[in-house]
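Could you put the whole structure together from the sequences, leaning on the hints where they help?
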Amino acid sequence: MTEAPLLEIKDLKIYYPVHAGVFLRKVGDVKAVDGVSLHVQRGETLGLVGESGCGKTTLGKGIMRLVKVTGGEILYRRNGEQPIDLVGLSRSELRPLRAEIQMIYQDPYSSLNPRWSVGEIVEEPLLVHKPELTAKQRQDEVAWLLEKVGLTGEQAYRYPHEFSGGQRQRVGIARALATRPRLIVADEPVSALDVSIQAQVVNLLQDLQEEFNLTIVFIAHDISVVEHIAHRIAVMYLGHVCEIGPSRDIYEKPLHPYSRALLSAVPLPDPTLERPDRIRLEGEVPSPVAKPSGCPFRTRCPLAEPACATTPPPLVEVKPGRFLACPVVARTLP
Amino acid sequence: MTEEAPKLLEIKGLKTYFDVEGQTAKAVDGVDFDVRENEVFGVVGESGSGKTVTALSILRLIPSPPGWIEAGEILFRGRDLTKLSFPEMRKIRGKEISMIFQEPMTALNPVFTVGFQMREVMKQHAPGTSHQELDESAASMLDLVGIPDAKRRLKSYPNEFSGGQRQRIMIAMALSLQPHLLVADEPTTALDVTIQAQILDLMLGLGKKSGHTSILLITHNLAVVAETCARVAVMYGGKVQEMAPTKRLFGSPQHPYTRGLLRSLPRPDKPKQRRLEAIPGIVPSVMDFPKGCKFWTRCPEKIERCEKEEPELREVSPGHFCRCHLVEPAPAAVTGATTP
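These protein sequence lines are chains P and E, in that order.
Just so you know, the first sequence maps onto residues 8 to 341 in the numbering used here.
Just so you know, the second sequence maps onto residues 1360 to 1699 in the numbering used here.
Hints listed in this document are in silico derivations from the structure and should not be mistaken for laboratory results.
One thing to keep in mind: the hints can contain errors.
To be verified - Capping the alpha-carbon separation at 25 Å, the derived lysine-lysine pairs in DSS-like fashion look like this:
{"hint": "1", "chain 1": "E", "residue 1": "K1442", "chain 2": "P", "residue 2": "K326"}
{"hint": "2", "chain 1": "P", "residue 1": "K75", "chain 2": "P", "residue 2": "K33"}
{"hint": "3", "chain 1": "E", "residue 1": "K1454", "chain 2": "P", "residue 2": "K260"}
{"hint": "4", "chain 1": "E", "residue 1": "K1629", "chain 2": "P", "residue 2": "K326"}
{"hint": "5", "chain 1": "E", "residue 1": "K1650", "chain 2": "E", "residue 2": "K1661"}
{"hint": "6", "chain 1": "P", "residue 1": "K260", "chain 2": "E", "residue 2": "K1629"}
{"hint": "7", "chain 1": "P", "residue 1": "K17", "chain 2": "P", "residue 2": "K298"}
{"hint": "8", "chain 1": "E", "residue 1": "K1366", "chain 2": "E", "residue 2": "K1482"}
Predicted, not measured: the structure shown is a model, and the values here were computed from it.
What follows is the structure, given as structure tokens:
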């Protein structure tokens, strides 16, 4: 905590308007991200976990400024410089920063243009962000990038359909690396891959992180994978962060009632394990259009109290490095 | 317990091929396994392993053309399903064998109410039942799978339900005629973990309750298999590579592919490793599987023989079968080379 974080998000809100009726009047908001605060240290991997609709993907897109931000701050800090609030920047002001913040997408099939060769796909960011390079330099760079991600330079002339899912994901990673970013937002980068390939891509990301000192926001619903790759995990539910902490800590001793239920539902590949601790949540996630008042989880929470319905609980540091948004549990802690 | 139970379904040497632009894709190329009565049997495999095609073959739902069952037997309660006529097969589907598909979004017809679709299933197998009776049993099934306000919800359309609820409806439909075998193809893959846990509990619970339903669970998720199945077959390249009681398979996996798969999984319950042990290479497409052992191109223990000669599925210890030249068969079972 000595160094200032590379990325600091403060009370971020991203609402999608809901239109209805003949005149498509705005009738409400989908509060996809509703007051999220977190930070990511340089060289760190922060895992964002949660179930569909919890806002983890929207948060990732918000950091990239790919969606309209409703409120809050996204502070991006270069080494030893004053932080820049990405929320306030115009498109042209953002453009140079885009080279420093890159994204890896979930679907290796739709995120690569099928009409472009792999070389062209990886070259594109260089054309935009490094116009000073000659064609030869770009070509060398593309070959070097492809080799970095475990492909060969000759494969630059081939098209996405000639590659398997895992190889395409490698192409996506090479494209993201082309501009030498500091921060990578990886949205479910391994979910679409086969089990035996998943491990390859996870290892690749870890190697690249070390080599390029990358900071990664790793969004995934597979908690076992996130636990492995991330240094810290933030658990999200209905647009709120329930809990943040070191990943092993969160996995072994989740504090928030939702994280407890979520983690206990994760199946483990060991048939000899008994899981008497499994917590079954009743019902389903409420709609983000009509969220419960106060704590978003209170309608399904076994510990809910009347007070939970009044105000959304803030994220409080309950132990060094461990943040929790549940006053009911926080009270019981030493 | 499963050792003594009689076989409900027995697949012998099943081959299902597809014609792809003039070439033959051997999606399933000699699969043998059996599902016993009251058993939950798992089939795990990656994309292209042939697990879904095996399931569709059992129900004779292979689109033809381009696909066909080239060889093999699917014995279900003494009858060979591959030899049945279309009308005979229709009597079996739904009533004796039913199926749950991966995509709860697309498996229901969006233009009919859920009640209509549920009645339709039951009407096929019990003609002459009154509309009201059908409605009542449909509502009680929905109630059983935990859909609140079941009676009124029969009038709702699929889009009015969440993903988890739609999968519950699929389970209700699949179990409404109390089939002997439920084939579940990736039933929870599209769902979140907490919903996945609910759905698996529900499926297993209802299977047990009926007293005679076996479940054939097809998945890519080894952890789901570990938690639900009594026995499991691991498929790769259109063939069963290893088959054993679940505890045995996870406890002492024999095939290099199975061992590789298990090692490549992140284990949050174990001391942290810095790197995962990945299986090298890529899963070949169905057309590109090598000659000899299907796995040799990616196998760290490959010997010369693997490239030329495909190993047989041999019993390596009682109830544990493995298709690998390097794994010695149990002395007593040297002859039992083909089917379990």
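Hints, one by one, checked against the model:
| no. | hint | result |
| --- | --- | --- |
| 1 | K1442/E - K326/P | 67 Å, violated |
| 2 | K75/P - K33/P | 16 Å, holds |
| 3 | K1454/E - K260/P | 46 Å, violated |
| 4 | K1629/E - K326/P | 24 Å, holds |
| 5 | K1650/E - K1661/E | 13 Å, holds |
| 6 | K260/P - K1629/E | 14 Å, holds |
| 7 | K17/P - K298/P | 21 Å, holds |
| 8 | K1366/E - K1482/E | 29 Å, violated |
Checked against the numbered hints given earlier, this structure breaks hints 1, 3, 8; the rest are met.
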